[in-house]
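Going down the list, the protein sequences come from chains A and B. This note's numbering runs 525 ahead of the 1-based position in the first sequence. This note's numbering runs 3 ahead of the 1-based position in the second sequence.
Worth flagging that the hints you see were computed from the coordinates, not collected in a lab. Mixed in with the good hints, there may be bad ones.
Said to hold, decoys possible - Within a straight-line C-alpha distance of at most 30 Å, the following computed DSBU-like cross-link-like pairs (lysine-lysine) qualify:
#1 B:K284 with A:K785
#2 B:K192 with B:K203
#3 A:K733 with A:K596
#4 B:K27 with B:K362
#5 B:K429 with A:K554
#6 B:K429 with B:K203
#7 A:K643 with A:K785
#8 B:K284 with A:K792
#9 B:K429 with B:K144
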Amino acid sequence: MARIVEARRLTPVTKLFRLDAPLIAAAAKAGQFVMLRVREGGERIPLTIADYDRAAGTLTIVVQEVGATTKRVCALEAGDEILDVVGPLGTPVDIAPGGHACAVGGGFGSAALLCLMKELRARGDTTTAIVGARNKDLLILTDELRAICTSVEICTDDGSAGFKGFVTQRLAQLIAGEGPGRPDTVVAIGPMVMLRAIAETTREAKVKTLVSLDPLMVDGTGMCGGCRVIVGGQTLFACVDGPIFDAHEVDFAVGMRRSKQYVRQEKEAVERLACAATPALVEAR
Amino acid sequence: MPVKRAEKTPMPVRDPEVRAHDFKEVNDGYTIFHAAFEAERCLRCQDPVCVEGCPVGIPIPDFIHAVAIGDMAGAARILRGANPLPAICGRVCPQETQCEERCSLGTRLVPVAIGHLERFVADWERTQAPAAPLRPTRPKKIAVIGSGPSGLVCAGELARLGYPVTVYEALHAPGGVLRYGIPEFRLPKAILDWEIGVLKGLGVEIVCNVVIGKTLPLDDLFSRLGYTVVFVGTGAGLPQFLGISGEDLNGVMSANEFLTRVNLMRAYDFPETDTPVNVGKRVAVIGAGNTAMDAARTALRMGAEEAMIVYRRSEKEMSARVEEYGHAIEEGVRFHWLTSPLEVVGSADGWVTGLRCQKMQLGEPDRSGRARPVPIPGEEVTIPLDNVVLAIGTTPNPLLTRTTSGLLTTKEGCLVADEETGRTPKPLVFAGGDAVTGAATVILAAGAGKRAAHAIDEALAARG
Ligand SMILES: Cc1cc2nc3c(=O)[nH]c(=O)nc-3n(C[C@H](O)[C@H](O)[C@H](O)COP(=O)(O)OP(=O)(O)OC[C@H]3O[C@@H](n4cnc5c(N)ncnc54)[C@H](O)[C@@H]3O)c2cc1C
Ligand code: SF4
Ligand code: FES
Numbered sequence: 526m527a528r529i530v531e532a533r534r535l536t537p538v539t540k541l542f543r544l545d546a547p548l549i550a551a552a553a554k555a556g557q558f559v560m561l562r563v564r565e566g567g568e569r570i571p572l573t574i575a576d577y578d579r580a581a582g583t584l585t586i587v588v589q590e591v592g593a594t595t596k597r598v599c600a601l602e603a604g605d606e607i608l609d610v611v612g613p614l615g616t617p618v619d620i621a622p623g624g625h626a627c628a629v630g631g632g633f634g635s636a637a638l639l640c641l642m643k644e645l646r647a648r649g650d651t652t653t654a655i656v657g658a659r660n661k662d663l664l665i666l667t668d669e670l671r672a673i674c675t676s677v678e679i680c681t682d683d684g685s686a687g688f689k690g691f692v693t694q695r696l697a698q699l700i701a702g703e704g705p706g707r708p709d710t711v712v713a714i715g716p717m718v719m720l721r722a723i724a725e726t727t728r729e730a731k732v733k734t735l736v737s738l739d740p741l742m743v744d745g746t747g748m749c750g751g752c753r754v755i756v757g758g759q760t761l762f763a764c765v766d767g768p769i770f771d772a773h774e775v776d777f778a779v780g781m782r783r784s785k786q787y788v789r790q791e792k793e794a795v796e797r798l799a800c801a802a803t804p805a806l807v808e809a810r
Numbered sequence: 004m005p006v007k008r009a010e011k012t013p014m015p016v017r018d019p020e021v022r023a024h025d026f027k028e029v030n031d032g033y034t035i036f037h038a039a040f041e042a043e044r045c046l047r048c049q050d051p052v053c054v055e056g057c058p059v060g061i062p063i064p065d066f067i068h069a070v071a072i073g074d075m076a077g078a079a080r081i082l083r084g085a086n087p088l089p090a091i092c093g094r095v096c097p098q099e100t101q102c103e104e105r106c107s108l109g110t111r112l113v114p115v116a117i118g119h120l121e122r123f124v125a126d127w128e129r130t131q132a133p134a135a136p137l138r139p140t141r142p143k144k145i146a147v148i149g150s151g152p153s154g155l156v157c158a159g160e161l162a163r164l165g166y167p168v169t170v171y172e173a174l175h176a177p178g179g180v181l182r183y184g185i186p187e188f189r190l191p192k193a194i195l196d197w198e199i200g201v202l203k204g205l206g207v208e209i210v211c212n213v214v215i216g217k218t219l220p221l222d223d224l225f226s227r228l229g230y231t232v233v234f235v236g237t238g239a240g241l242p243q244f245l246g247i248s249g250e251d252l253n254g255v256m257s258a259n260e261f262l263t264r265v266n267l268m269r270a271y272d273f274p275e276t277d278t279p280v281n282v283g284k285r286v287a288v289i290g291a292g293n294t295a296m297d298a299a300r301t302a303l304r305m306g307a308e309e310a311m312i313v314y315r316r317s318e319k320e321m322s323a324r325v326e327e328y329g330h331a332i333e334e335g336v337r338f339h340w341l342t343s344p345l346e347v348v349g350s351a352d353g354w355v356t357g358l359r360c361q362k363m364q365l366g367e368p369d370r371s372g373r374a375r376p377v378p379i380p381g382e383e384v385t386i387p388l389d390n391v392v393l394a395i396g397t398t399p400n401p402l403l404t405r406t407t408s409g410l411l412t413t414k415e416g417c418l419v420a421d422e423e424t425g426r427t428p429k430p431l432v433f434a435g436g437d438a439v440t441g442a443a444t445v446i447l448a449a450g451a452g453k454r455a456a457h458a459i460d461e462a463l464a465a466r467g
């Protein structure tokens with residue numbers, strides 16, 4: 526059980542939670558994730574660790590409502606308990622110190638950059654965060670990022686804030702020397718399509734690029750192999766060997782295809798939850 | 004000597020046509036009449052060879068005699084004194100290669116149904132009032148990592164000896180393979196829950212959702228949390244893949260994934276529960292051990308029209324319990340012996356459509372002493388399929404050993420530990436079960452947990 530100490534809506538479909546989880550907060554490092562379950566009979570879902578506060582013993586996660594379980598999570602408020610939280614799982618991100626690290630977050634992925642940027646900044650690296658959203662109302666945590674990064678680059682599809690265009694376009698400009706300049710390492714967290722686009726953006730320029738994959742997972746401890754991904758022609762378990770991998774080695778086509786194995790059932794679960802609407806969500810609390 | 008009946012008293016089982024479509028237990032269990040009748044068959048040998056076949060040395064003729072004279076409480080006491088998990092072992096032990104293989108009656112007739120009797124006594128015990136709760140009497144705390152049979156039994160023995168014990172489990176529910184692997188129709192979760200309840204009554208504390216090596220380094224159990232000894236019973240949970248082409252196709256799963264979705268996550272109740280599992284019309288399971296039988300029979304229960312076993316060796320080399328093999332045949336599982344997978348084939352959109360296989364024949368014995376399967380040149384088949392489930396074995400999960408200094412592993416990834424005591428090269432760390440032996444059996448894991456508990460007690464007594 527983990528008690529929610531803070532619950533804050535960031536956008537109509539994303540919510541930030543701070544959980545009382547001292548053991549996980551003490552061990553967490555950027556790039557790792559937790560598995561969480563909200564009810565008896567509930568599924569285990571992986572969520573990136575957005576931030577941690579060792580002194581307060583809290584862990585921050587940002588949840589975007591996509592499936593039945595994330596909808597159930599987002600119905601919870603401060604004071605509620607989360608049935609099961611386990612972690613930190615996976616291997617922390619490994620970036621050579623002293624360089625310019627550029628982290629790219631798409632959608633709720635920007636939240637996941639918080640602890641990474643803090644860790645890199647604390648050891649003296651130059652850090653740039655590129656965050657993107659469709660419009661300025663969907664941008665999240667930009668103030669928090671500004672407080673901890675050397676520079677923050679904002680992109681919106683409609684130009685309502687910052688650079689008008691995709692994060693990949695802005696990244697290409699940085700690589701060409703604009704703004705904060707060419708990064709030594711790029712780290713990207715977000716939907717698989719965006720990750721693939723980032724990999725393509727940096728491939729020719731030969732910028733070391735790491736992506737955080739989120740394949741389907743069951744246990745998150747290396748016990749089922751459901752999370753297997755192909756990296757450099759090798760089959761690896763994202764929950765143990767990852768979730769962060771060299772973007773230029775990842776087989777995104779297989780990754781995207783494998784993520785779609787349960788779309789039919791996921792849709793069914795969401796529709797069912799929508800029909801039951803309020804009672805089911807209240808039951809989740 | 005009175006003439007003994009030649010046959011075992013048959014186990015009452017549910018109709019295969021019915022049971023192949025639900026998850027209720029296949030065996031109904033002996034009634035007291037079956038049990039008394041079967042107990043009468045035991046010869047009460049002077050030199051009971053069956054006991055030598057039992058990895059934990061249950062005084063088999065003694066408990067069977069107690070059943071024969073109607074002293075169930077006595078029978079239960081004798082059983083539990085030697086085996087802390089009798090209701091589970093009575094259901095899942097490979098008796099035919101252990102106690103029952105040695106039984107003297109078996110040389111001319113059929114051995115006594117020791118497993119069925121063990122199960123009967125343990126089930127009787129579950130109907131009785133629970134024992135009075137125990138409280139720890141000793142100061143030194145012990146941590147157990149993993150709640151499979153090795154960890155549970157080690158914890159239970161230590162609690163009986165008076166130690167405060169905490170079991171740390173990575174998953175959200177305790178039991179190890181007994182929870183996520185062995186299906187409900189063979190080992191109902193209610194029995195596992197009851198056994199875990201007994202342990203809690205002994206004062207054992209179980210903490211789920213803690214991955215030692217991730218949430219907490221093993222050394223912190225000593226330095227920060229004040230445990231004096233640590234027992235490692237982390238099992239062999241890492242699934243193997245064949246490394247053939249097409250294994251990444253949609254619809255290919257490890258047996259661990261398939262069984263975990265169904266057992267631990269209860270996919271059979273989807274969408275009441277939240278975890279689904281893809282089961283098409285035709286499912287092939289590769290391998291022929293207990294895991295493979297469980298996966299094939301689970302596939303039928305999840306709605307597959309055809310479930311089949313694909314195995315590169317023959318029926319003789321299969322490692323599954325005979326009872327499960329028999330039940331699988333009755334339920335309609337099909338068998339492709341001497342058939343070795345070459346490639347999983349798929350559709351343009353990446354879903355499994357079949358399995359291309361090489362037909363084999365038996366050749367010279369290999370190092371394991373079993374006849375080596377060799378390809379029959381030019382004989383290939385492609386079996387049309389919707390799912391492929393790989394049940395070709397598991398190895399110990401390297402998660403803990405990678406993050407802990409001082410532990411040694413063999414090249415197969417097994418922890419190095421003394422067979423008798425479970426002692427590892429790391430001071431005050433003991434280990435047992437599948438983590439040490441590689442994938443083995445419930446009773447071997449339970450036996451290792453029990454021996455380690457007594458070795459721990461001795462080590463602590465010696466330290467004063
Ligand atoms: C499908 C299937 C069917 C089987 N059928 C039979 C049968 O019929 N008869 C039989 O005798 N045997 C059978 N076996 C084998 C038997 O189940 C195992 O040999 C036995 O469970 C091993 O026990 P264990 O305690 O060593 O480990 P496990 O049962 O594997 O338990 C290990 C536990 O440790 C936990 N763990 C691992 N790492 C960590 C960590 N770092 N921190 C915290 N927790 C951790 C795991 O989550 C798990 O719960 C079967 C196995 C399978 C998979
Ligand atoms: S524990 Fe297993 S081997 Fe021992 S008597 Fe029981 S069934 Fe036979
Ligand atoms: S999620 Fe099961 S092995 Fe990675």
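Here's how the hints hold up against the structure:
Distance restraint check for K284 (chain B) and K785 (chain A): the Cα-Cα separation of roughly 20 Å lies within the 30 Å cut-off, and the hinted pair is therefore satisfied. In summary, the hint linking K192 (chain B) to K203 (chain B) is supported, as the alpha carbons are separated by about 16 Å, within the 30 Å threshold. Simply put, K733 (chain A) and K596 (chain A) have alpha-carbon atoms about 35 Å apart, too far for the 30 Å limit, and the pair is violated. For the hint pairing K27 (chain B) with K362 (chain B), the CA-to-CA distance comes to about 36 Å; that exceeds 30 Å, so the pair is violated.
Proposed proximity of K429 (chain B) and K554 (chain A) is supported: the alpha carbons are some 27 Å apart, at most 30 Å. For a cut-off of 30 Å, the pair hint linking K429 (chain B) to K203 (chain B) stands: about 29 Å separates their Cα positions. Distance hint between K643 (chain A) and K785 (chain A) is unfulfilled; the C-alpha atoms sit about 34 Å from each other, more than 30 Å. For the hint linking K284 (chain B) to K792 (chain A), the alpha-carbon distance of about 22 Å falls within 30 Å, and the restraint holds.
Annotation: proposed proximity of K429 (chain B) to K144 (chain B) holds, straight-line Cα distance about 18 Å (limit 30 Å).
Hints 3, 4 and 7 from the earlier list are contradicted by this structure; the remaining hints agree with it.
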